[in-house]
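J.: One rule links them: number in my numbering = place in the sequence shown (from 1) + 825.
It should be emphasised that the hints constitute simulated quantities derived from the structure, not laboratory data.
Quick reminder that beta carbons are idealized off the backbone N, C-alpha and C, glycines included.
There could be a bad hint or two in this list.
To be verified - Okay, the calculated beta carbon distance ranges per label pair:
(1) V922 to E1404: 34 to 42 Å
(2) E1353 to R1059: 51 to 59 Å
(3) E1353 to P1131: 44 to 52 Å
(4) S895 to D1023: 19 to 27 Å
(5) P1131 to Q932: 41 to 49 Å
(6) R875 to R1351: 53 to 61 Å
(7) Q860 to D1094: 50 to 58 Å
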Amino acid sequence: MSGVRLGLLTFLLLLLCLPAQAALRLVLQSDDLNQAELAASQALLADVSRVLPPVLLSRLDAEVPVRWSSALDASVVGRASASGKLLLNRRQLSVLVAAQDADPTRQQLLATLVHEIAHLYDRGRYGSDRQRRLFQRCQSQQQSLGLVGLPSWCRGQGERRFSLSDDPRLLDLAGWPERVGERGARVKVNHQRDRSPDRYELTSPSEFVAVNVEYFLLDPQYACRRPALFAFFRQHFNWAPEHVQSCSASYPYLNASLDPAQQALGRIDPQRVYAVHYLLAEPNQAWASRWGHSMLRLVICAPGRPVGPDCMLDVDQHLVLSFRAFVEDVQLSSWDGLTGNYPSRLFILPLTQVVDEYTKLELRSLSSIPLQLNEQERKGLIEQAAQLHWSYDGTYYFITNNCAVETLKLLRSGTANAELTDLESITPTGLLALFEGRGLADDSELADREWAMRRGYFFDSYRERYQVMLEVVRANLEVPVERVDDWLTLGAAQRAAWLSAGDQRTTAALLLLEQAAQRRQLLLVRQELKARYQALRGTGHKGLDDTEQLMQQLLANSGYLSRPAELLGAGYGLPQASEWQQLQQRSAERRQGLLDMAGNLDEQLLALLDAGRRNEIELGKRNIRRLAGRLRALHRAEGGVQLP
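Generate coordinates for the entire structure from the input sequences, incorporating the hints supplied.
T.: Shown next, in the form of structure tokens:
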């Protein structure tokens, strides 16, 4: 035989002797199975292998025994044993034999096997002995400190080669973000508990991974219901299931405004978002507001307008992402805010409502500072905001989990921008300074205040406007105050002394000031109602009088505005087309109920207030009617067109 032929023969023999490609092998322990049970079990395992990602199969290069066990509780479908076996509940075996492919029991067994294999994958394999020892030390420190995820010094120290539950990006998306101000420590409780496919996922990152790998592989709607997590797993495995449902390009939200002119439900199309701004309400003297309030503004272009700078003019289209305590963020109880007695939720509100709320009611200006985010970061932010809007039910703390902290966590998890990773701030103004220091925010648009106001980068407080009105009054009448805040503090009866003495211009100024005073009364009413709310919490309806029951009813009926998941039943993640009709119907019913209640709101609110506050509001209304009547009379006397 020639040397060439001998060499070729040797090469072929070597090929035959090489091991088969490394892959996970599910080995059925079948000694006690009959032919039908064996065939059904083998078919089930074959289906499991078909749905698993190739990367997972190749990395889990091992034989994994699978056995039907009679020792499992009736409620347990299956689990992985300490020795690495996959155990299935033998009670399900007879059902499997008779089941069709789409039978719920068969699907449950398939999902259980995928879930447990995901656990095996997540535990990973270790490298050298030294790496194993280092990683074991990391795990020990993790357990002793009660940390979620590995300590930061462990990263790269013998870490698992393909771990998922310690991946910082997954922890951010899953609901275990880093705690601001604690240098790498993560929150211990997952508050993304609404619209969950399986609440067991909230118990730990490892269970979250197993549950979500299960849905990633088996649920065609997973990409639409949890788009950010679907993208994470697709990137990790460099692969996606074939049966993925096509998704809408926009994300649903519940409009927390009760303006009848606004739609109750809306959709955010990331392609129509020109920019994201950091929206800062200036500080005031209230305990909870002395550092300002952090929000994010979505600059959304009107239909038909090309995406560009002119979209800043489409103010009626813009939305605000605002983390707030359920009973609002103005004048909250300082003790309850420190101890976390308020739920924190992500509201999505029209910019116009937010501007009116701060500038007219609270007399605080708003600065809108563009954030330097690219298109992909903006899309990720909107995606994560939509997810939190439907799932997040957090706890509000003035210091450790306030609006600035929540906003920073949203930006981190949504954009995955590395510049945000190590930022630490617990105040809205401090967070803005850090953004500017990193080049993430550009406040140059605010340099010219007049230009900024015309283009929508600055919304001035009405305090300055009211001060101008007071100067008009002081130029014509001898009033005892110089500052508008002091004028608004005067009682309605005191202010009434000057209502009939001014000319047309002075009367118009007095009317604007009286309307401002009435708004101030509404702010005080909100504070009093919050105090009543605190007194009633936890009491239910037992032993409450009619007024107190009305208070409870108002709170119960408006709760869905902060927690839109209440409107839906089964289902998880972002609402889909199949749920849209139900969502529209329930939101319309609840909203109409609140609007109907608002029809008699004056009387209902007055019933909740003390006599002094009720009297002040009534006198204020009387002052406004007097001024409006006098202004019409003066206008007619000067030959003007009759005013309405």
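J.: None of the hints should be skipped; say for each whether it holds.
T.: Structure-based check of all given hints:
1. Separated by about 36 Å at the C-beta atoms, V922 and E1404 satisfy the suggested range of 34 to 42 Å.
2. Between E1353 and R1059 the beta carbons are some 52 Å apart, a value that agrees with the proposed interval 51 to 59 Å.
3. Judged by the Cβ atoms, the range 44 to 52 Å given for E1353 and P1131 holds: they are separated by roughly 49 Å.
4. Range check, S895 to D1023: Cβ separation about 26 Å, and the 19 to 27 Å hint holds.
5. About 48 Å separates the C-beta atoms of P1131 and Q932, a value consistent with the hinted range of 41 to 49 Å.
6. Distance hint for R875 and R1351: a CB-CB separation of about 59 Å, consistent with the stated range 53 to 61 Å.
7. The hinted window of 50 to 58 Å between Q860 and D1094 holds, with their beta carbons roughly 56 Å apart.
Comparing the model with each numbered hint stated earlier shows that all of them hold.
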